[in-house]
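Student: Chain residues, written in single-letter form:
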Amino acid sequence: MSSDPILNLAAIPEEILTRVEARGISRRDFIKFCTMTTAALALPVTMVGKVAAAVADARVPVIWVEYQSCSGDSEAFLRANQPTAAELILDLISLEYAEVVMAAAGHQAEAAKKQAMEKYQGKYILVVEGSVPSGADGAYCTIGGESALEGCRKLVKNAAATICVGTCASFGGIPAAAPNPTGALSVMEVVPGAPIVNLPGCPVNAENLTATIVHVLTFGKLPATDGLGRPKFAYGKRIHDNCERRSHFDAGQYAQSFGDPGHRQGHCLYQLGCKGPETFHNCPTIRYNEGTSWPIMSGHGCIGCSEPGFWDTMSPFYRRLPKVPGFGIEDTADKIGIGLAAATAVAFGLHGVASCFRKHDAMEEDKVVKED
Amino acid sequence: MAQRIAVDPITRIEGHLRIEARLDGGKIAEAWSSSTAFRGIETILKGRDPRDAHHFTQRFCGVCTTVHSMASIRAVEDALKIQIPDNARLIRNLIMGIQNVQDHVIHFYHLHALDWVDIVSALKADPAKTAQIAQSISDWPNSSPEYFQQVRDRIAAFAGTGRLGPFQNAYWGHPAYKLPPEVNLIGVAHYLEALEWQKDVIRIHAILGSKNPHPQTFLVGGMAIPVDPDSQNALNADKIALIRKLLRKARAFVEQVYIPDLLAVAPAYLDWAGIGGGTGNYLSYGDFPMDNSPGTGSLFFPRGIIMGKDLANVQPMDEKKISEYVTHSWYSYSKGDNAGLHPYDGETSHKYTGPRPPYEFLDTDGKYSWVKSPRYLDQPMEVGPLARVLVAYGKGVPEVKAAVDFVLGKLGAPASALFSTLGRTAARGVDCLVLAQKNEQWLDQLANNMGRGIYETFNKEKWDPSTWPREAQGFGYHEAPRGALGHWIRIEHGQIANYQAVVPSTWNAGPRDPKGQPGPYEAALVGTPIADPQKPLEILRTIHSFDPCLACAVHVLDGTGTEIVKVRAL
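Keeping their order, the protein sequence lines are chains Y and D. Residue numbering for the first sequence follows the working numbering, starting at 1191 and increasing by one per position. Residue numbering for the second sequence follows the working numbering, starting at 48 and increasing by one per position.
Every clue listed holds true.
Result set (EDC-like, lysine to aspartate or glutamate): computed pairs, CA atoms no more than 20 Å apart in a straight line:
no.: 1; chain 1: D; residue 1: 296; chain 2: D; residue 2: 247
no.: 2; chain 1: Y; residue 1: 1304; chain 2: D; residue 2: 407
no.: 3; chain 1: D; residue 1: 507; chain 2: Y; residue 2: 1450
On the chain D side, residues computed to face chain Y include the following (Cβ under 7 Å):
no.: 4; residue: 56
no.: 5; residue: 57
no.: 6; residue: 83
no.: 7; residue: 84
no.: 8; residue: 87
no.: 9; residue: 91
no.: 10; residue: 96
no.: 11; residue: 106
no.: 12; residue: 108
no.: 13; residue: 110
no.: 14; residue: 258
no.: 15; residue: 273
no.: 16; residue: 403
no.: 17; residue: 405
no.: 18; residue: 504
To be clear, the hints were calculated from the coordinates, so they are not data collected in a lab. Positions of the beta carbon are idealized from the N, C-alpha and C atoms, including for glycine.
Starting from the given sequences, assemble the full structure and let the hints guide the process.
Tutor: Laid out in structure tokens, this is it:
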């Protein structure tokens, strides 16, 4: 037995450890990664061995494409910590195509994509970043002269599974915000019925992406999802229910203005427009950038960025939600997903963006309505 | 014999870029730059709350994340005449500063290096000799023969699997690669180290603004991160200490790895100091206010323009002299497609007239890009670290002058060498070094304010829209990593009536204007030698030297939105 507690924690066969070590991966890092990923997937510690076996020499082929994107999800991937982007690319996956990092360009790049799609047909994981424009016969986004619409259809149909990273690929995101000038679609809308998992968030939290890939490697299937295609392990709970400032909400302690004494003391941001009560995401527990922080922790309310249509339904971002219903922690998005934000969405549909804002020009002064 | 080539996609950039070129006698005779994706974010902004705009505009780009939030809140603050607290100025400087430093390092190692560094050649390197070279150029501790042996073995094991992933199908072995295997191995080792470093140092954005990419802390009137040494929920002594540690880590890497590598790679490519010059006109809005005085006098990087490479004559910049053209862009103007419009009066009706996909070549005699053509007094202008550094150098900013003279001295090159592909890459290093050394001063000032009991980070006087004038307009500037960024907003009845952004890659990547003057990319490519038209590595070198960011560049729409219905009907 090793004196390092980490090394003793998980029962990973020696043979696997020797194999990964031969590839230049530290044994400690590997065990740590498998253990943390198992935890992230909400699996018992007895599953660590299985996770380890799945990732030890899989290097599953991954094709990462970008359409109407800002590359924020690619950048988030570069900030991944467990494992890091370098470990992922060199040791865990075979990244066949990814515009932001790949060395090849032009037709050599496109050839690599085509080759991977054919060689690993039905076996590769497709990662899509950005929405897919349907207007102007697909001319709003072309790569190598081919429309995103056409390219996306082909790649999704030939993939083992598709992971949509970020809110744009998952739900249309910002290009699809009213009035959706380019007819932007989510991948689910482009290829209905395909095996797709959505990892919304603006950007995606890299740790959720890693956990999803490992889930697929370990079990050969996509993780269980809610009605919006989001894995339950990451989107099963409301931000409000896991929020570190929840006790202040319950105690009625609210920041009234940015920088006021309540704000400085970490009081609840509900009055400043926080959308945590309407948003399903694991930000409070895993945070961002190696667990450093997340929006509410650094004093800005949640803007609901992992919810469909949030650019329309959650804005104006600094206007507080009209009331917070008193549902319990056990409720999931499927049961209460059409909450208050959806009522705003209806208003958008009926009256259009401009008229909706006109009604809410002034800050509301009503007292907090809290249902218990 | 003339030959036409297209490189699409240009990879290792943000967004979707296509370059077409006509080759003659082994050189580029003409080039066309086209962006092939469009989202229409300004149309989406119409009618929304101006205080929300920065959340939307931040999503122009996730690579130079933060920059469009900065320009947006400044535009609204300019329109509403809002003065921000000193702490907000300092927090913004810190966020901008580390953004520039981190982004430049990522650009050098992960987006640009593979144009100069041949990974396959690195496998042939002698670790002992590599260590000797590394130790001769820097004190960086990771420089032992064992270290380089380990890196080489790791890459060899990876290559041995036969699955090269993102490194497959590249131009390895191309005759334009000139570095010895040992310098290539140093490049590969630092490619991997920089990948670790960048995610660590950018945690400063998480501390000050919750996360990166897309920090969530900007506010019209200040910043959302509270400051209070007596609270665990605010910026306190602990967090200042952590930021300081990360700033020092950032600076050490720039001083001991990035700059020495730049100086080790450049001598093999000195011919590129005579290639890729381009327009010779440079524009910088300036940035990093050193105090809270109104106006632009206190900007650390000064504002100005340089015409015709005349470094001795830095002229004042007036944003009223900017106009945008759509002669060769997929938009139409009500006054005719040859008109030039100032951003406040900008109009956009997107009108795609290019070939129906899939296509082989664009019709470059007609409209051929989603990027507009901005001009200053009808002249194309290059923006970016080179422009920023040249303006500061011309104006004699001591820190910038010292850094430029140091780099030029090491390379034995005159100042005129800066007007080139290599000069652009070197200037980015200078910009990064100067900011890496400057950042800690802003942290010191912030800590000093806190020590004196100054906690204010947000000015709420004009937060409530009922305090706003019926109509207002404002210009928000920023020197983003990729250069001069401007947002123009018109506010009417508390809502966004018009929003325009003219961003660095619009300036640099734009197509020809009505006079047929090429944009900076197009001009810079002319004369570039191409050894093998099937593997146009040389095009990547010059285009990457600009650090393209196309998602930013393509969005330029005003708020009239009248064409939306037509587009939907397609």
